[in-house]
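Engineer: Okay, here's what each chain looks like letter by letter:
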Amino acid sequence: MAEALLAIDDLRVQFDRGEDEVFAVNGVSFSIAEGEALGIVGESGSGKSVTLMSALGLIRENGKIKSGTAKFQGHDLLKMRPRQLEDIRGRDIGVVFQDPMTSLNPVMRIGDQIMESMLTHQYAGRREAFERTLQLLHEMGIPEPKARFRNYPHEFSGGMRQRIMIAIALACEPQLLIADEPTTALDVTVQMQILALLQEQRQKKRMSIAIITHDFGVATNFCDRIIVLYAGQIMEMADTRQFLRQPAHPYTVGLKNSIIEIGQRDRQLSPIPGMAPTLTEPPKSCSFASRCPFATERCRSELPALREISPNHHVACHRAEEVLAHAI
Amino acid sequence: MPSSPLLQVEEVSKRFRVQGRDLHAVEKVSFQLDAGKTMGLVGESGSGKSTLGRLVLRLLDANEGRILFDGKDITSLSPKQMRPLRRDMQIIFQDPQASMSPRMTIGAAIEDAMAIHNIGTKAERQKRVDELLERVGLPTVVKYAFPHELSGGQLQRVGIARALSLNPKLVICDEPISALDVSIQVQVIQLLQELQKDFNLTYIFISHNLAVVEYLSDQVAVLYLGEVVEQGPAEELFANPTHPYTQVLLQSILKMPDDTEKRQALTSIQGEIPSPFNPPSGCTFHPRCPFATDVCREKKPERKVVGNQHSVTCHLAN
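Sequence lines, in order, name chains A and B.
Position 119, counted from 1, in the first sequence is what my numbering calls 126; the numbers after and before it change by one each time, with no gaps.
Position 21, counted from 1, in the second sequence is what my numbering calls 22; the numbers after and before it change by one each time, with no gaps.
Watch out, some of these pointers could steer you wrong.
What the hints assert, rightly or not - Result set (DSS-like, lysine-lysine): computed pairs, CA atoms no more than 30 Å apart in a straight line:
id, chain 1, residue 1, chain 2, residue 2
1, B, 29, B, 305
2, B, 73, B, 256
3, B, 170, B, 73
4, A, 263, B, 38
5, A, 212, B, 263
6, B, 73, A, 263
7, A, 211, B, 256
8, B, 198, B, 170
9, A, 263, B, 170
10, B, 73, B, 263
11, B, 256, A, 263
Rather than coming from a laboratory, the hints here were simulated on the basis of the structure.
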């Protein structure tokens, strides 16, 4: 495996809610290799966004990073001063959010917003930044870049706005692009266009992408490797191939079975019972045990460690081997 | 027992007047729906599927066409004449949080509709609230809670309980699972299926999720720019998708592959849904259609029957 571009180690994040604290990220460790596309999947509250956003210094004020490191090219982002982090964010690490309308400045021409990122990071001079903006708009599939440069965000459709967000994120040729539910708000035909665009850019620039998504279809078709988060912990981490062929965590298996695909009219549904917990104290046992068909006394009393059950396949389940045998 | 369909929608159109211009939201849509069955409406944003749902409920008035409910023409009934019928038609929304008063307890929210329609005594209504909560899989203590104290999935169950409180015949489900997590979606789908069987409910299921629509529906209509481009029995339509737009929609869904070698190529058609203020000439799909010919650009296609109750609005279908 290539060298790690970003290595997150034992990250713990808590949110203060006044009357109690929420343990949102509970000892998460993983890395993203150069050129890799990593999928981080999970349901709401699983910590999938908080994990990466806290590494970038982008969590709400009531959030506290309790421990851990997040080394980008060897330098710990969590120890950096805000100015240093700002330098990296937008230059070396580009970010795309779910809702482009709330991320773009509504009163600034989109061309200026794309240029701004290059000028702030002294990536290019005005003339060069202008030319590159036109080039980026063209690459993003926005027709008539010269005319569109002068338009405001509201003059674009949702799909076009997401292309502009991607143009901003890619302007300084980052080594890592973090895309947080980049296609969730979009229609399927537009989702396909955006993913094709991201893939093309990734191949052309040899850039790493971390895509945060709740959509297994997106993750499995786009990514090299997949991490499944639940209650702020990694439940399973595997190459996409292993993830598809040999899911070894009961939660992964349950989630995969929860997805209704085309051509399944006669299928029986087998929902995962219950709902995901909100942890107000650190987990001491398996957080999934109460919903798990495999759970035993041990699962309810002992926190399973994330262990490697085969090369590059990590699972946090006491009974992973039995799940594997059972699922086939 | 032969009977007329519960719902008949005939050539219904809706235009919105926006800043002096006409927006064609729904154009000449027709379908019939038998009691106890499900009609799936699919299409991307702006296709008119939610507007169509609201037209059926008479929350919006159609500009043209007729809507018959239980054999009765309700197209131009006054609000007062509509009121008794409202008990029979209910709606479940995408965002249950937004569709509930934040200051009303869950119990009060469910009881409210019964109180408005003067059903039962206070005690009877409260007993019914308990029954409904249990039926949708929630503990009865939930009635004392406020909406913000529940999760999205729990709130959607409350939304379903509230819709059921009046024993409706028809329930419009407008993207009822889109805001929910995958594991919760399946729970809600299963609940909707059970309730349909138990109470012989008729559903209009509006969703952009084609797989779920296929799974739940007996009939399906695919909408594009306010027009039905293809409709028919779900089984037949998904087995033989005939309109190029239906085909494109199906190809755009990212299925989870069995293995990495079977991954989908990330390619799709260009362009987006055009402005409904200024729909393209001829077939409205022609600018994005890979098969478009001159006739598609010039002439509006007619609806053609291509199979058993399966019809397609495309020049190239035969």
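Engineer: Output the indices of the hints that this structure fails to meet, ascending.
Structural biologist: 2, 6, 9 and 10
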